[in-house]
Structures are given as structure tokens and as C-alpha cells.
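Going by the working numbering, the sequence shown opens with residue 493, and the numbers climb by one from there.
The set of hints was computed from the structure by calculation and includes no laboratory data.
Do not rely on the hints blindly, as some may be mistaken.
Simulated restraints on C-beta separations [unchecked claim]: (1) Arg572 <-> Arg711: 19 to 27 Å; (2) Leu651 <-> Asn498: 35 to 43 Å; (3) Gln640 <-> Gly538: 23 to 31 Å; (4) Thr642 <-> Leu505: 36 to 44 Å; (5) Gly594 <-> Arg572: 15 to 23 Å; (6) Arg711 <-> Asp574: 19 to 27 Å; (7) Phe655 <-> Pro560: 30 to 38 Å.
The beta carbon of each residue, even a glycine, is placed where N, CA and C say it ideally should be.
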Amino acid sequence: MRPDGNLPVRRWLPASGGGPGILVLQEIFGVSPYIERRCADLAEAGYLVYAPELYFRLGRMTFDESSPSYVQEGMGAAQRLDWEQTTADASATLDALRAASGVTGKVAILGFCFGGGLGFQVAARNPPDTLVSYYGSAIPGLLALAPQVTCPSLHHWGLGDSFFPPAVVEQVREAVSGPAVEFHTYEGAEHAFDNPHPLFFHPAASGLAWTRTLAFLARQLGQ
């Protein structure tokens, strides 16, 4: 489907055919097999899931997980995106999700890495009912938006993150803290610790964070 006639969006339906909606925003490797699996997990939990192909303006993008330049290629692709245009694309997909016939009740944003930061900005401008951000890479540069992100929010950060040291993670915690915010850190976990690629994966952190995510979504979305 294409909410604006151009932006391609992947869709996963729960067995019931409908439920609360979740907008999943990709990491730097696009709507990868890992993101597809997480979307399928959410659909299995009873949610109707949209995942926009945010790289579509760059042409067809593929990433070889076995390549030594895998991470650099992903970072390069993300840096080529126009941030404001991509925010508008994500926001348009959120609007399309809200209007979808199968969506019953509330909608959430769930973003990973690049998508975690993008989701934070979208939430400041076009508030969902709830936000889940995994190690949102843009958030340290978006802390001025924190007062505008008023929806219940859940943040996950690894304390072994090569890109964001614990001091930066603590700055994020202080900026986003509030009565409707949960903030969890994971000792020894790298950036992208939920991604099963050997460069990133931290099984204990991934499992605990996902359990917390599903519980948080169930509470906030009434599932």
C-alpha cells in the first residue's frame, strides 16, 4: 500500500484481522528481515502493523549482512535521507494507520535506532497514543523536543553502546523523564542490541526489552 500514492508501506495483520495499530520505523538497514520478524511478532500479539519503506526516495536499497562495510553502508543510506521529508513520510503513514479500517482503538509508534529517533520527532509533532524507542540515535540531538512528546513513552538503551556512552544516555534519561515515561538501560548491551546480527545482538537485553515492550504496549493500547 502507498498512503500518499508514492510511499510504499508493508502491512501485517493479526489473526483477528484488526486491532490496535503500530507504526514500526526501521533501523538504518531498512525494512530488513529482522524488522519484518519484529512486525510479524507484533501481529501475532494482536496488532495491525505498518512499516513504511523510508528509503524509497533513494531507489532500491539492499544491504549485505556479510559485508565488512555493512554498518557503514547503512549509516550512509540514512545520512542521505532528507530528515524533514522522512519525518513527513512517517507522519503520513501514522495518519494512514489511524484511518485504516482494521485499526480498532489506539495507535503506537515503535522505532529502532534511526527509527527510534524519527519516532521521537514524529511524536512531538503528530502525537500517537504511545511511543516505544529502541536506542533512538537522533534523540540526543532532539532533546529540545522532549517537552512536546507528551504521550506515554518507553525507551531502551544499552550501556555498552559504541555510539552513545552512558553519560549521553543519562542526558537522554534526564530530558525525557516524566510520570508517563519508562526508561530502561541494559548493562553491556551494544547499540542495536535487539538486532540478531552477531555485531550487535545481546540475547539477555533483547529478550528482556521485548518482554517489557509487549507489556507496555498491552497496557497503553488496551490489548
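Status of each hint after checking the structure:
1. In this structure the hint that Arg572 and Arg711 lie 19 to 27 Å apart at CB is violated, the actual value being about 38 Å.
2. In this structure, Leu651 and Asn498 meet the distance hint of 35 to 43 Å, their C-beta atoms being roughly 40 Å apart.
3. Gln640 and Gly538 have their C-beta atoms about 30 Å apart, which keeps the hinted 23 to 31 Å range intact.
4. Restraint check, Thr642 to Leu505: a C-beta distance of roughly 30 Å breaks the suggested window 36 to 44 Å.
5. At roughly 33 Å, the beta-carbon separation of Gly594 and Arg572 lies outside the given 15 to 23 Å, and the hint is violated.
6. Checking the proposed 19 to 27 Å range against Arg711 and Asp574 shows it is violated: the Cβ atoms sit about 35 Å from each other.
7. For the hinted restraint 30 to 38 Å between Phe655 and Pro560, the CB-CB distance of approximately 18 Å leaves it violated.
Going down the numbered hints, you'll see the structure goes against 1, 4, 5, 6 and 7, while the others check out.
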